[in-house]
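Participant: First residue of the sequence shown: 2, per my numbering; consecutive thereafter.
Read the hints as simulated data drawn from the structure, not as lab findings. Every value quoted in this text rests on a predicted model; they were computed, and no experiment measured them. Treat the hints with care, since some could be wrong.
[Said to hold, decoys possible] Label pairs and their calculated CB-CB ranges:
| hint | residue 1 | residue 2 | range |
| --- | --- | --- | --- |
| 1 | E6 | R60 | 14 to 24 Å |
| 2 | L4 | N66 | 17 to 27 Å |
| 3 | S9 | P141 | 12 to 22 Å |
| 4 | P22 | D123 | 37 to 47 Å |
| 5 | E125 | R40 | 14 to 24 Å |
[To be verified] No more than 30 Å apart at the CA atoms, straight line, and that leaves these computed lysine-lysine pairs for BS3-like:
| hint | residue 1 | residue 2 |
| --- | --- | --- |
| 6 | K86 | K53 |
| 7 | K91 | K55 |
| 8 | K55 | K86 |
| 9 | K140 | K70 |
| 10 | K53 | K140 |
| 11 | K70 | K55 |
| 12 | K91 | K53 |
| 13 | K70 | K53 |
| 14 | K86 | K140 |
Using N, Cα and C, we set each Cβ at its ideal position, and we do this for glycine too.
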Amino acid sequence: VILAEFSSGLRIERDYDLSLPDLVGDDQQITQSILNITRNAAQALCGRGLIKMKTRVTRRVTMANQFFKLGLLIEISDNGPGIPKSLIDKIFFPLISGKHDGSGLGLSLSQTFISHHSGTIDVESQPGHTCFTVLIPIKPSQNSGERANG
């Protein structure tokens, strides 16, 4: 989807863990969150550069004072200009954007959706490298609820 929106100068390198267990949750919210982060990376690169997407299973995850045996780790990184230090602590607030035509809603919605799954989003940025890390606990499969394949 992202490659179709941008020029041929954009590359996406995928490193997916194919052994990920099923994730109980809203697959549309998780997908939209990842798309928002990836689209922001592509926009920061002006459609020319490299985005790396990586998934892994983490073990022994503690989030919000709860222990989980497994977690889904998603890293989305790019080699763009980085996020200005003046914005880095505010990027998840609604209506905050470093883009001229940005609404400031994409990352805020992403954080809300990931929080609904008891997860977190962290970001580290410097010129030439920005990395968003999404961590979602993998709860034991339940009979009720939708399943989101990680």
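Participant: With reference to the structure, classify each hint as holding or not holding.
Facilitator: Hint by hint, here is what the structure shows:
{"no.": "1", "hint": "E6 - R60: 14 to 24 Å", "result": "violated (35 Å)"}
{"no.": "2", "hint": "L4 - N66: 17 to 27 Å", "result": "violated (40 Å)"}
{"no.": "3", "hint": "S9 - P141: 12 to 22 Å", "result": "violated (44 Å)"}
{"no.": "4", "hint": "P22 - D123: 37 to 47 Å", "result": "violated (22 Å)"}
{"no.": "5", "hint": "E125 - R40: 14 to 24 Å", "result": "holds (19 Å)"}
{"no.": "6", "hint": "K86 - K53", "result": "holds (22 Å)"}
{"no.": "7", "hint": "K91 - K55", "result": "holds (25 Å)"}
{"no.": "8", "hint": "K55 - K86", "result": "holds (25 Å)"}
{"no.": "9", "hint": "K140 - K70", "result": "holds (8 Å)"}
{"no.": "10", "hint": "K53 - K140", "result": "holds (26 Å)"}
{"no.": "11", "hint": "K70 - K55", "result": "holds (20 Å)"}
{"no.": "12", "hint": "K91 - K53", "result": "holds (23 Å)"}
{"no.": "13", "hint": "K70 - K53", "result": "holds (26 Å)"}
{"no.": "14", "hint": "K86 - K140", "result": "violated (35 Å)"}
Violated hints, in rising order: 1, 2, 3, 4 and 14; the structure is consistent with all others.
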